[in-house]
Structure formats: C-alpha cells, structure tokens
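Participant: Chains A and B, in that order, give the protein sequences. Residue 1 is where the first sequence starts when you use the working numbering, and the numbers rise one by one after that. Residue 1 is where the second sequence starts when you use the working numbering, and the numbers rise one by one after that.
Worth flagging that the hints you see were computed from the coordinates, not collected in a lab. We put the CB at the ideal spot given by N, CA and C, even for glycine. Any given hint could be a false lead.
Said to hold, decoys possible - So these bits of chain B aren't anywhere near chain A, every CB distance computed over 12 Å:
#: 1; residue: I76
#: 2; residue: P128
#: 3; residue: L160
#: 4; residue: R185
#: 5; residue: E292
#: 6; residue: M306
#: 7; residue: R312
#: 8; residue: R358
Stated by the list, open to error - FRET-style restraints, in silico, Cβ to Cβ:
#: 9; chain 1: A; residue 1: A23; chain 2: B; residue 2: Y106; range: 51 to 61 Å
#: 10; chain 1: A; residue 1: S154; chain 2: B; residue 2: S166; range: 13 to 23 Å
#: 11; chain 1: A; residue 1: L81; chain 2: B; residue 2: S166; range: 48 to 58 Å
#: 12; chain 1: A; residue 1: T169; chain 2: B; residue 2: D123; range: 22 to 32 Å
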Amino acid sequence: MTGWSWIRIATILVYLFLFAPVAVVILLAFNANQFGSFPIQGFSLRWFEALYHNDAIVRAFKTSLLLGVLTSAISTTLGTLAALAMVRYDFPGKRTVSSLLVAPILIPEVVLAVALLLFLQFLSLPKSFFLLLMGHVVFTLPFVVLVVQARLVSIRRDVEEAAMSLGATPIQTFFEITLPLMLPAVMAGMLFSFTISFDDITGTLFWKPGGIETVPTQIFAMLRNSISPEINALGAVMVIFTVALPLLGTAIARRMSAAKMKSAKT
Amino acid sequence: MAETRNAVELRNVVKRFGEFTAVQRMNLTVPDNSFVTFLGPSGCGKTTTLRMIAGLTDITDGDLLIRDKRVNALPIHKRNLGLVFQSYALFPHKTIFDNIAFGLKYRKIPRSMIGEKVKRALDLVQLPNVGDRYPNQLSGGQQQRIALARAIVIEPDVLLLDEPLSALDANLREEMRVELKRIQRELGIATVFVTHDQSEALAMSDKLVVMNNGMIEQEGAPEDVYNNPVSAFVADFLGHSNIIAGELDGPDQEYMPVHLSSGETLLTTRQQAGRVARVEGSKSVRAVIRAEKIDLSTENIPQDGMVALPGRIKTVDYLGQTARYFVTVNGRDWQVINPINAHPHAEGADVFMNIAARNCVILPGHAD
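Construct the entire structure; sequences and hints are all you get.
Facilitator: What follows is the structure in structure tokens.
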C-alpha cells in the first residue's frame with residue numbers, strides 16, 4: 001500500500017466520523033419504528049407529522065426563525081457598515097475598534113453569556129426577547145465584519161472614484177458600485193449569522209426569558225425526558241435549514257451569474 | 001471662437017499631509033484644448049496635483065479654478081471631469097455599454113440619446129462591437145480604451161489621465177499613445193496627463209510641466225524644456241546629460257570659455273551665459289552637455305565655436321540605431337550617445353569629443 005492510499009483511508013474515516021451521526025439522525029427520522037433506534041422498520045413520515053402537531057416545537061421553530069432572521073438582518077447591516085468604516089476610512093483608535101469588533105469570536109461563549117447576563121442585572125433589566133436578540137447580534141457580528149472586510153479590500157477605491165467623477169454622489173456610488181460588488185460577501189455574512197443564530201444553544205440558554213424556547217433549547221429540554229424519534233425528525237429539518245438552504249442559495253447565485261455571462265457572450 | 005481661456009488654473013495651491021508638504025505654492029494653467037503633461041519621479045506631487053484638480057484630495061491652501069470658476073469646495077461629482085486611471089477602473093459588474101452610459105445617466109439625457117452617444121464613443125475608440133460584453137472579457141488595452149470612452153462621453157471640461165499607459169506592455173503603449181493623442185486632438189479637450197515616462201511626455205504634450213519635491217522645476221513646450229533645462233534636475237531627468245561644475249570666464253563676447261573643475265575648457269555662447277545672473281566675483285557655474293549633443297570623431301577638425309576634447313572610449317553599449325559610449329577624459333567619464341553610421345567606435349579607441357558652444361548649457365553654481 002502506498003502512502004497515498006493510507007491518506008485516502010484516513011480521510012474517509014475522518015469524514016465518516018464527522019458525518020455518520022448526522023446521517024443516522026436523518027435516516028432514523030424516516031424510521032416507522034416506535035423507538036428511535038435501529039433496525040429501521042420501514043419508511044414513514046409519521047415523525048414529521050408528529051412534529052408538525054407538536055405545538056411546543058412549532059412555537060420554538062417560529063421563535064428560532066424569527067430570531068435568526070432578525071439577527072442576520074441586524075448583524076449584516078451593522079457588520080457591513082462597520083467593515084466599510086474599517087476599510088474605507090481612517091479614524092483614531094481604528095486598530096482597537098477593529099480588534100474589539102472581532103473579540104466576541106475569541107472569547108468563550110459561556111463567558112460572553114454570563115457577562116451579558118451580569119450586565120443586565122447591573123442595569124436591573126429583565127431578560128427579554130430583545131436582549132436575546134442583542135446577544136445573538138453580538139456574537140454573529142464579527143463573522144459579517146470579517147467576511148465583508150475581506151471582500152471590500154479587493155474592491156479598488158478608484159472604481160468608486162471613477163463613478164463619482166462621472167457624476168454619481170457618494171450614496172449613489174455606494175448603491176450602484178460598491179454594494180453590488182460586495183454583495184456576495186454580504187450574502188455570505190447574512191447566511192453565516194442566520195445559521196449561527198439558528199443553532200446556537202450556549203448563549204441562548206443563558207439569555208432566553210422564561211417561556212421562550214428556540215429549537216436547540218427545545219431539543220435540549222426534550223432530551224431530558226426521553227429520546228423521542230420526533231427529535232430525529234427535528235434534527236433533519238434543522239440540517240435542511242442550516243446546510244441545504246445556504247447551499248441552494250449559492251447554487252442559485254452561481255446559476256444567475258452564469259446566465260448573465262452567457263447572455264453577454266453573444 | 002472666444003479667446004483662449006484656461007480650462008484649469010492653480011493659484012498658490014498648497015497641499016499638506018500632516019507635517020509633509022506634498023505640493024508647495026503651485027501656480028499653473030491648463031489652456032483650453034491643450035495637452036498638458038505633469039512629469040516627474042514618484043513622490044514629486046504630480047498625482048497629488050491631479051487628484052486636487054479632480055476633487056479627490058482637498059486643497060490645503062490656494063485657489064483652484066476650472067473654467068474660471070473657483071471649485072475648491074465643489075465635490076468631485078459636480079465638477080464634470082473625465083478621469084482615467086492606470087488600473088482602468090471599469091465597473092466589473094456592468095456591461096461595456098452600461099459602463100460608458102454610467103455618466104450619461106446622471107446628466108438627465110434621454111434614453112434614445114444615450115444609445116447614440118455610447119455608440120459614437122465606442123466608434124471613436126475603435127471598439128464598435130463590444131457593448132454587451134463585460135470588462136473582464138476584454139484585453140488590457142481594450143479596457144483602457146473603454147475607460148477613455150467612458151470619460152469623454154460626458155463631454156467633460158477637463159480630461160484627467162493618471163498614468164493611463166503604465167499598465168500596458170511596450171508595443172500597446174506606443175499604439176495607445178498615438179490613439180490617445182488623436183482622440184484628444186479630434187475632440188479638442190483640455191487634458192492633464194500624469195506620467196513618469198519622459199518619452200510619453202515629450203511625444204504628447206503641448207506643454208510639459210516637470211515637477212520635483214512638490215514644486216514645478218520647469219514648464220514649457222517639450223522642445224524648449226528639453227533643450228534649455230533650467231536646473232540640473234531637469235537636465236538629468238530628461239534624457240542623459242553630463243553635468244560638470246566649472247567657472248565662467250572672460251569678457252562678454254560671442255563665445256565665452258568655461259573652465260571645468262576637471263581641467264578642460266569648453267566654450268559656451270553669450271546667450272547661454274546670460275541665463276546666469278552673475279554676481280560680481282562669483283563665476284561658478286555648472287555646464288550641462290546632453291549626451292547626444294556630443295559628436296565623436298577620430299580626427300580633430302577645428303571649427304569655430306566648437307571645442308574638441310581628446311578622450312578614450314571606455315565602454316560601448318550597442319542600441320541599434322545609436323550607441324552609448326562612456327568616454328574617459330582626464331579621468332572623468334562622459335556619456336555620449338551617437339548615431340551609428342557603419343560601425344560604432346570600438347572600445348579603447350582614441351576619439352575627439354566635439355562640443356558646440358550652443359550645446360553647452362550653463363546653470364548657476366550650487367544654489368539650485
């Protein structure tokens with residue numbers, strides 16, 4: 001056996017280790033059996049149906065969706081503006097601000113979670129959905145900033161200068177030139193912040209007010225009683241949301257730009 | 001037509017970046033329809049000056065006028081300028097048509113007219129059929145033509161070119177140079193061209209502005225600047241010159257001797273000597289002799305107003321139509337560029353350097 005074969009085998013094993021559990025969850029979600037375990041006894045959608053009729057889960061799902069969408073909207077807007085400031089403008093303390101913006105990635109989430117909680121207590125504010133949202137914004141923001149910043153650096157300033165010399169105001173230049181050119185990064189940042197928010201559990205457990213559950217905290221609560229096959233179905237749905245949707249999004253984007261290039265090549 | 005106006009005028013313009021003064025009290029005019037080149041080494045302030053005219057850099061002090069209107073505080077998008085960059089700066093996500101139409105959109109021009117104008121601009125740069133392509137589908141030279149079309153289609157008051165040829169390879173650069181000049185002539189647009197390439201500057205300009213250290217060293221017609229440099233910097237920057245310290249001597253007459261510090265004596269003309277305001281007793285000057293204004297000969301043929309210095313050829317660079325020699329005279333190396341008739345002079349040959357008095361440019365001593 002050559003060295004390459006060993007590397008190939010090792011690679012396959014690593015991927016198996018990573019993805020087999022996910023595959024098991026998805027497979028078992030379609031299992032007709034009463035208990036969520038092997039052997040599989042026929043194909044069924046009954047667990048998805050049960051999921052749909054489980055009010056707590058549906059409510060958690062709606063909460064997560066709302067939280068994810070709001071988080072990504074706020075993080076993307078703030079993060080894009082912050083990245084613009086970092087790349088396009090010079091101001092005193094820029095380096096400090098830059099490292100502070102990215103810090104939430106480096107600080108352990110538990111610490112961040114407790115810190116925010118203590119801060120709320122200090123301000124004697126009660127926990128609320130709004131504060132949960134702010135928490136999510138804090139730790140998704142760095143991802144948006146980093147992704148958009150990297151893209152922005154590669155957009156030459158003189159393209160914007162050319163647009164302004166032709167009569168576009170700075171705001172028109174932003175919407176006509178800068179934004180379209182950095183759109184792929186903005187979209188990536190948006191997807192990042194949505195998926196990170198959608199499956200976050202650590203911070204959410206600390207911050208969520210009583211009576212509000214997100215999908216991850218709901219699963220966590222359900223696991224404490226028993227492992228219901230519904231959880232497998234819920235897992236499958238989560239995978240679709242956090243993996244399949246972004247993949248679909250990028251595929252559509254690629255198809256669109258390819259079509260554009262094709263129509264241009266006549 | 002009205003009398004010649006100035007498309008651009010700078011009055012005592014100063015630009016400081018913190019402690020650093022990039023442009024010092026600059027006074028400059030760009031006449032209507034003319035092609036003005038800013039030439040100088042990097043960091044001489046030429047690009048900063050261009051960016052101030054464009055409105056991309058604000059002015060610390062002084063006045064900037066475009067078409068006799070003070071525009072110091074007018075933002076770039078209200079200045080009606082055509083701007084072309086070294087990097088082309090086309091909009092990569094827009095078709096060529098949309099790139100060129102971009103400026104027209106902001107000028108409230110009806111759609112039907114836009115198509116017509118874009119087509120005319122594409123014809124002018126000789127790329128009539130690329131309207132529906134994207135910038136990355138064109139070569140560098142083509143992209144630069146589109147950038148030019150985009151800048152001129154809005155009929156700007158001034159066309160500003162920031163080293164537009166520097167990113168192109170040598171052959172293409174020559175071709176674009178001719179093209180650029182043709183288009184500028186055809187449209188009669190006042191143009192400011194920034195370059196560090198002296199052959200571009202000499203070939204294209206109506207007026208050449210040589211800059212150094214944020215100041216204008218010399219301005220004038222290219223031929224004038226080339227033949228009569230007013231400073232050692234200009235003499236050295238444009239072409240190859242031999243610059244040697246010496247003493248101007250003798251009474252005021254047609255030909256006046258210059259005793260060089262290396263021991264030889266050259267002749268210069270009264271006219272040349274007159275350019276140095278001589279203070280009584282102080283005669284120290286610098287003699288500037290262009291490398292191609294020295295004639296090499298194997299025999300000494302005495303002529304009026306001509307000095308022949310004997311020397312020995314140290315090295316020969318064969319350049320095709322010309323050859324560049326280093327000739328040693330009394331231990332000092334002189335640079336000489338001569339056309340080749342049949343064969344270049346050989347290395348080690350004894351020759352005479354014939355220098356006419358009118359080609360011995362006199363600069364003041366060390367107070368440059």
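Participant: Which earlier hints can't be squared with this structure?
Facilitator: 1, 3, 11
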